[in-house]
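Please take these sequences and the hints and turn them into a complete structure.
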Amino acid sequence: MDFSLTEEQVMIRDMARQFSDSELAPYAQRWDAEKSMSRGVLEKAAGLGFAAIYTKAEHGGSEMGRLDAALIFEQLSRGCVSTAAFLSIHNMVTWMVDAFGDDELRARFVPKLAAMKMIGSYCLTEPGSGSDAASLKAKAVKDGNHYILNGTKAFISGAGFSDVYLIMAKTGEKSISAFLVEDGTPGLSFGAQEKKMGWNAQPTAQVILEDCRIPVANLIGAEGDGFKFAMAGLDGGRVNIGACSLGGAGAALDAAIQYTGERQQFGKAISAFQNTQFKLADMATELDAARLMIYRAGDMIDKSDPNKSSACAMAKRFATDAGSKIANDALQLHGGYGYLADYGIERIVRDLRVHQILEGTNEIMRVIIARSLLR
Amino acid sequence: MKVLVPVKRVLDFNVKVRVKSDQSGVDLANVKMSMNPFDEISVEEAVRMQEAGTATETIAVSIGPEKCAETIRTSLAMGIDRGIHVKTDAEVEPLAVAKILKAIVEEEKPELVLLGKQAIDDDSNQTGQMLAALLGWPQATFANSITKDGDSLTVGREVDGGIQTIKVSLPAVVTVDLRLNEPRYASLPNIMKAKRKPIDAKTPDDYGVDISPRLTTLKVAEPAGRTAGVKVADAAELVSKLKEEGVI
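If you read the sequences in order, they're chains A and B.
Per the numbering used here, the first sequence starts with residue 1, numbered consecutively.
Per the numbering used here, the second sequence starts with residue 1, numbered consecutively.
Derived from the structure by calculation, the hints contain no laboratory data.
Take these hints with a grain of salt, some might be off.
[To be verified] Taking beta-carbon pairs under 10 Å as the criterion, some of the chain B residues facing chain A (in silico):
(1) A69
(2) L188
(3) A194
(4) K197
(5) S240
The C-beta atom is built at its ideal place from N, Cα and C for all residues, glycine as well.
Structure, rendered in structure tokens:
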């Protein structure tokens, strides 16, 4: 059992850290306040291979593994949780098109997705179908060389901003298929931008499909295989989002260490008080445990371990809970200043909160874990 | 033109430096090490020269322990073609580095040696100059801009008063300053490609260079801590205080 990263993984991690420190961290507060996302920084990230991390090299992918991706998302989210998480969603789209699309579809979309000249949104969730994803109602009906799509997708990251939408829709009673709908297609529209607690550096809205007509060539894989693709993407998505919690929590912990060393009360730095020391020690311990679980889960996907799904669910549940708790503790250690936006801690608390809800709620993670125990 | 780029593995610039308790040096156990930031700039410049078609081949050299191969690998991921690692665990002073580099230059026959103006660990700022002297080549130090002009280079140098522009004939040694360029990040595909680029392993003996130190370090100490100041009421008091302290 070897817990050390390879030489390349260390280089990948350090490079992602440098990019995060200089291209994301200085702007995160402004993006949050202005609720804006920068195409420029996303294209820069894509130039380093971050838009197609675990996609084959043929059409511009970086051909990395899931552990590599976790290292990258952890570092990127140190600088901006919201931007890192958005990149993770885009990666899911790029990967799904490349892994399951036919050669023609891949050649049409993957090079642009990998360069982020085309930004992708993933649309599975609906207003009435969240944890019970298979109960989705959006429908696609074949009409000659076209499919006609109708339905509403909810909580869609990048809605109104992205260039292509990967839509899961019913093609029969028990058949779900995956489609690509390009921005500008007649019948595609968006709801009002949602007002959110966090993740403000990316837009979220409903995606509305009304008699939206797309060419048959935009079907990914075979009709009826969509739900299988969605399931195949879950484990990796959970590792990614868990990794995003690691990064946010790591940045919050580092800020707390620095702040408690500088803040003087009762004649000494507050880090000289044992309460502070014990709190920091617990935060670092929880973070380390979460990191080990996420890295191992990523490694298990890379090795196709039969127990990977349960391990990914455990890692996602633990890392996102721990991440939120660590960030909240860091806020407490900052006292009143932690509550102010200028210190950047409250943003991390707000951004990390949703990680306990999406990519499968942490309650669904427990369902998956329990199912694997009791089968 | 073939370009040789020496790179040094140093304490990462973000690390808080700690002096060993016996004052024999800086504590390097369990601290992050990376490429000397000035060398990142020379690597970037060499890669740009290659992209522009001015450089035909780029070679990185590092002298030091096993782990220096990682520093070379970083330069390969940024775009350098191949590496030479001169392995030694001994401390190597600038003159010894310059002598090894001279031997490599004689073997590889580059037209340009491009290196950082100094390393951020010992701040010697000597290697480039010594190498130029040993080779009998012209040198341009603290480069802010470099353009190739037939058989010579026009180099803008950062000097106290501004930028001094000089022309050096090739072959030459150029040391680079901070503002020459902004080094790129190595992309994921290039990190993986770097794995397959060759690094030759050598030793100082291969080049017949005696690297035994010429200097003795007596002691390494932390800079004196800042002591509390006093407030003065007016200019007159300020002047008298400064006189008292013997500053003026």
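Consistency of the hints with the structure:
{"no.": "1", "hint": "A69", "verdict": "holds, 8 Å"}
{"no.": "2", "hint": "L188", "verdict": "holds, 3 Å"}
{"no.": "3", "hint": "A194", "verdict": "holds, 8 Å"}
{"no.": "4", "hint": "K197", "verdict": "violated, 13 Å"}
{"no.": "5", "hint": "S240", "verdict": "violated, 33 Å"}
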